[in-house]
Amino acid sequence: MTAATVAELADLVGGQVLGDGALRITNVADLRAAGPSEIGFVRDPKFAELAKRSRAGAVIVGTPLEVPMPQIVASPADVAFAKIGLHFHPVPRATRHEVHPSAVIEDGAVLGEPVVIGPQCVVGARATIGAGTLLAPGVIVGADVRIGRDCTIYPRVVIYPGVVLGDRVIVHAGAVLGSDGFGYARDVGGWVKIPQIGDVRIEDDVELGANVTIDRATLGTTRIGKGTKLDNLVHVGHNCVFGEHCAAAGFSAFSGSTIFGDRVVLGGHVVSAGHLRVVDDARIGGNSVLYGDVTEAGDFIGYPLQKKSRWGRTLHVLAQLPELQAELRRVKHLRRKLLETEGDAPDADLPGGSDAPPG
Amino acid sequence: MTAATVAELADLVGGQVLGDGALRITNVADLRAAGPSEIGFVRDPKFAELAKRSRAGAVIVGTPLEVPMPQIVASPADVAFAKIGLHFHPVPRATRHEVHPSAVIEDGAVLGEPVVIGPQCVVGARATIGAGTLLAPGVIVGADVRIGRDCTIYPRVVIYPGVVLGDRVIVHAGAVLGSDGFGYARDVGGWVKIPQIGDVRIEDDVELGANVTIDRATLGTTRIGKGTKLDNLVHVGHNCVFGEHCAAAGFSAFSGSTIFGDRVVLGGHVVSAGHLRVVDDARIGGNSVLYGDVTEAGDFIGYPLQKKSRWGRTLHVLAQLPELQAELRRVKHLRRKLLETEGDAPDADLPGGSDAPPG
Amino acid sequence: MTAATVAELADLVGGQVLGDGALRITNVADLRAAGPSEIGFVRDPKFAELAKRSRAGAVIVGTPLEVPMPQIVASPADVAFAKIGLHFHPVPRATRHEVHPSAVIEDGAVLGEPVVIGPQCVVGARATIGAGTLLAPGVIVGADVRIGRDCTIYPRVVIYPGVVLGDRVIVHAGAVLGSDGFGYARDVGGWVKIPQIGDVRIEDDVELGANVTIDRATLGTTRIGKGTKLDNLVHVGHNCVFGEHCAAAGFSAFSGSTIFGDRVVLGGHVVSAGHLRVVDDARIGGNSVLYGDVTEAGDFIGYPLQKKSRWGRTLHVLAQLPELQAELRRVKHLRRKLLETEGDAPDADLPGGSDAPPG
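Order-wise, the sequence lines are chains A, B and G. With this note's numbering, letter number 81 in the first sequence gets 81, and the count goes up by one each step, no holes. With this note's numbering, letter number 344 in the second sequence gets 344, and the count goes up by one each step, no holes. With this note's numbering, letter number 252 in the third sequence gets 252, and the count goes up by one each step, no holes.
Bear in mind the hints are in silico, worked out from the structure with no lab data behind them. The model shown is predicted, which means the values in this text are computed figures rather than measured ones. Take these hints with a grain of salt, some might be off.
In this list, chains with the same sequence are indistinguishable; a pair is considered to hold if it fits within one copy or across any two.
What the hints assert, rightly or not - Computed list of lysine to any residue pairs in SDA-like fashion (alpha-carbon distance at most 20 angstroms, straight line): (1) K226 - D187; (2) K332 - T63; (3) K308 - D281; (4) K52 - E38; (5) K307 - V265; (6) K193 - D30; (7) K307 - E323; (8) K307 - I170; (9) K193 - H87; (10) K308 - D30; (11) K307 - L276; (12) K193 - I170; (13) K226 - L18; (14) K193 - T2; (15) K193 - E113; (16) K308 - S257; (17) K337 - L50; (18) K307 - Y291; (19) K307 - A319; (20) K226 - V188; (21) K307 - L339; (22) K337 - V188; (23) K193 - P76; (24) K226 - E244; (25) K46 - A109; (26) K307 - L324; (27) K193 - D11; (28) K332 - Q320.
Isolated chain A (complex conformation):
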């Protein structure tokens, strides 16, 4: 946490200063809790009142507000807030070279300088770790793994042999990268394992959440594209591909060979059946199930997947199913009565009769 003036922070985000740019700021904080040396964030002009009453020394805003403290006007304001937050709370990286004596570095491993290799880490044979990268305690790096520069690998991450990570990758605790894909052939006596001999590539600026699992490809590569972010407890099956700058919220699972384009955004608890493609710029809402390709950009959600505008109405009908059935019973009764009046045999020669389910 390095203190900075309001003007310096504004420079950092290409923002304008309104008020005293010389004020010294030491941290970001919630408007309700901020003190006079902290800077808060007004997400929306409608929260201007909150800012007025705040003790914050300064505020970050998207458009100028009538508030008593200095303002940094920047757009988008949330990006400015994030960048100023990162100034005070940078992602931990290696700034001095430090290999803990309890760490095990196997033959042929190549460590850049500086790197931090924490206690109880294992760096496998011939693995390479780029300068600036920090391995927190208990990280297990397999043989022939390549990790780029300025990465942050949190405790107890496991990286299987041969997996490749780019630069500035962040991996949270407990994640497993490169475990075998789930593939078996059925023989007379049981399942025969199909060896999973492909690899995993995690490109630059990816962030992976706690206890994520990413399987290696059967043949070829499971790839997480540049800038993509996956939240906690996400499972990525063998041969999946994420394009660049995607984001998937937590507790989701993508079966083998799900291919996402660029900038795809997925809500939490989305499941894909695999062997399908999702185009660039698709946005898939939470709790969706993907059973086929998504061929258009835009907002989709549900099971079966549909346009977001439609899903709200579908949920509305789902909430009324008992009443719908009751109404349909009344109508059916009336239909029978009418048919009897006309002397027809019920259901005779009517469309729909033939496709009644067998069971």
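Starting from the structure of chain A, add chains B and G where the hints point.
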């Protein structure tokens, strides 16, 4: 496992003895497998026959039964069974002071006495561990973490810097407490990480399952209230709050800022969309999706969420959807026929016609 | 990777050679990427064209094809491909005895010969590890655990005290075997833990995915039968039983006392409510919810669970719910009009009227 007489065990749970209170008991067991020095449990009087045929030395019952062996009558009987089970199988805690030579204790860490710090553990700078607490092998405790007294932290748990645990907390293997919440701002070139600078507080008597993930707050605190229990593979997003004595069965995910009251009970595989509140004493059935506040106590379930009594009927209708559609087709045919008879144009000036979906 | 001739590989899988059996093969590969010393795989005769254009030295086929390179004809061809793949990429096992100096072996542990105990492993008191078994770095084996021969335990797996593994078991990184089941009794002041004093048995040839969690039984045994395969992030509750040669794709959760027969196959993201049975040879599609017994073999899917053939139609209707409701509104209007014509009070004495939901 300390042997005890039936009378001593009855005292432990405030129960009454029927029969020989001096009988020595060495363990709890299933009625079908119990031997003459073991005590079984009759969940319900309808299982009295099972007790009669059992070789168990004694039984725990809610109401007196006609069985040949000594009984401990206690209510609720399952609580008595749990407490007597814990007498024979106490949760492992530190009873002697023991820091394994392979453990790494960083500068300024403060260990109570006695504590057990298992092999390959790492206790970060300035962390404090209360007396009676046991860290099983491979636990990683970050800097400035505070762990209370008599806690049990199973192997390979990761506790990020600054997280606070109360007393008698149990955390199962592989759980990750305090990883970054999932927050990014969208900039022209991609996602910018919003630093997650809040913390996590786990209050007294909480138990967390294997491979659970609990994210730290963006600003403020992610809190798991006193006595709350979370099962395996549960994801708790940033700024979530669980009140006291809640329970959430496994494989569930709560998106950011889901706020649960006290004594909320959640079945397995429940997902919350976040930024919502659930009142005290709500009970949410398994496989539910929470998209809005739950403002009443009682039993709710489903997607969309509804009263439990209603959900059974909704499932019933869901199971009949193909037939419903077929019936509706027949009715539609009839409607068209009637309208033609009357000379009206089909669908003209009828309610419902205007809100037919566009696509 | 041991090179072998086409004829030797054919012998390995009981296949026939067409063409030059003396050709030396060094690896398996994708047909599109294979070189002249590699063998590819033609899944289906319709891919013959791909094989013709491939640079692969040889191919594995189910039925003879007109291709320029030597063929191994074997049925089923995918089993032959798997076995030949395993020849070149065998599952890592211990072939030399090697206990890393950083590993901690506690009193009374018994190691077969050869075994590999990787860096930072902990083998608990009285645990036994069979010959041929490999513990990758950071594996934690509890007291009294028994692991059979030729097992492969990937990094950071945790095996709680008393758990038993058979021979040739593979466990991927981060899996937790034997954590406490989720059981509490509700007392006046909160939950009382029901001690989980049963065990877990993993039989021969089981493979468990990354970050899987398998809870120990309350009393008795949680059992994963011989040859069964579980994918990543699968949760198995206390007292569950999998029969032999089952397979469950990733991101699934089975609540306590779910009992699967033999050869049950489960798609991804299947959830079971527990205390239910699924017969031998049932196949449950992805995203299903099991709330009751499955008493027939065959294909089932959905929520509520139904025959696979029917679920497709149910999804079709689900996709049309808004239109269905619109149509029903039109019909309702007509019904009301007809009833008014007849002078009846709407809804009087009609079936369905009485079971309209209360709220």
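Hints, one by one, checked against the model:
For the identical chains of this complex, K226 and D187 are inter-copy neighbours only, at 14 angstroms across copies versus 40 angstroms inside a copy, given an alpha-carbon limit of 20 angstroms. Taking the shortest Cα distances, K332 and T63 never come within 20 angstroms of each other, neither inside one copy (60 angstroms) nor across copies (52 angstroms). For the homomeric pair K308 and D281, the shortest alpha-carbon distance inside one copy (14 angstroms) is at most 20 angstroms, but the shortest distance between copies (33 angstroms) is not. Taking CA atoms no more than 20 angstroms apart as the test, K52 paired with E38 passes inside one copy only; the shortest distance there is 15 angstroms, against 69 angstroms between copies.
For the identical chains of this complex, K307 and V265 are intra-copy neighbours only, at 15 angstroms inside a copy versus 32 angstroms across copies, given an alpha-carbon limit of 20 angstroms. For the homomeric pair K193 and D30, the shortest alpha-carbon distance between copies (17 angstroms) is at most 20 angstroms, but the shortest distance inside one copy (53 angstroms) is not. For the identical chains of this complex, K307 and E323 are inter-copy neighbours only, at 14 angstroms across copies versus 25 angstroms inside a copy, given an alpha-carbon limit of 20 angstroms. For the homomeric pair K307 and I170, neither the shortest alpha-carbon distance inside one copy (33 angstroms) nor that between copies (42 angstroms) is at most 20 angstroms.
For the identical chains of this complex, K193 and H87 are inter-copy neighbours only, at 11 angstroms across copies versus 49 angstroms inside a copy, given an alpha-carbon limit of 20 angstroms. When the C-alpha separation of K308 and D30 is checked against a cutoff of 20 angstroms, the pair qualifies neither within a copy, at 32 angstroms, nor between copies, at 39 angstroms. Only within a single protomer do K307 and L276 lie at most 20 angstroms apart by alpha-carbon distance; the minimum there is 18 angstroms, versus 24 angstroms between protomers. When the C-alpha separation of K193 and I170 is checked against a cutoff of 20 angstroms, the pair qualifies only between copies, where the shortest distance is 11 angstroms, while the shortest distance within a copy is 32 angstroms.
Taking identical chains as interchangeable, the C-alpha atoms of K226 and L18 are never at most 20 angstroms apart, the minima being 36 angstroms within one chain and 46 angstroms between chains. Taking the shortest Cα distances, K193 and T2 sit within 20 angstroms of each other only across copies (18 angstroms), while inside one copy they are farther apart (54 angstroms). For a Cα distance limit of 20 angstroms, the shortest separation of K193 from E113 qualifies neither inside one copy, at 41 angstroms, nor across copies, at 25 angstroms. With identical chains, the CA atoms of K308 and S257 are never at most 20 angstroms apart, being 25 angstroms at best within one copy and 23 angstroms at best between copies.
In this assembly of identical chains, K337 and L50 lie within 20 angstroms of each other by CA distance neither inside one copy nor across copies; the values are 65 angstroms within and 56 angstroms between. With identical chains, the CA atoms of K307 and Y291 are at most 20 angstroms apart both within one copy (15 angstroms) and between copies (18 angstroms). Taking CA atoms no more than 20 angstroms apart as the test, K307 paired with A319 passes in both settings, with 18 angstroms inside one copy and 11 angstroms between copies. Taking the closest pair of Cα atoms, K226 and V188 come within 20 angstroms of each other only across two copies (14 angstroms); inside a single copy the shortest separation is 43 angstroms, beyond that limit.
For a Cα distance limit of 20 angstroms, the shortest separation of K307 from L339 qualifies neither inside one copy, at 39 angstroms, nor across copies, at 33 angstroms. Taking the shortest alpha-carbon separations for K337 and V188, neither the intra-copy value of 58 angstroms nor the inter-copy value of 59 angstroms comes in at or below 20 angstroms. In this homomeric assembly, K193 and P76 come within 20 angstroms of each other (Cα to Cα) only across copies, at 14 angstroms, whereas the closest approach inside a single copy is 50 angstroms. Proximity of K226 to E244 under the C-alpha cut-off of 20 angstroms is restricted to the intra-copy arrangement: shortest distance 5 angstroms within a copy versus 42 angstroms between copies.
With identical chains, the CA atoms of K46 and A109 are never at most 20 angstroms apart, being 55 angstroms at best within one copy and 46 angstroms at best between copies. With identical chains, the CA atoms of K307 and L324 are at most 20 angstroms apart between copies only, with a shortest distance of 17 angstroms across copies and 23 angstroms within one. Proximity of K193 to D11 under the C-alpha cut-off of 20 angstroms is restricted to the inter-copy arrangement: shortest distance 19 angstroms between copies versus 57 angstroms within a copy. In the homo-oligomer, the alpha carbons of K332 and Q320 lie at most 20 angstroms apart both inside one protomer (18 angstroms) and across protomers (15 angstroms), since each shortest distance falls under that limit.
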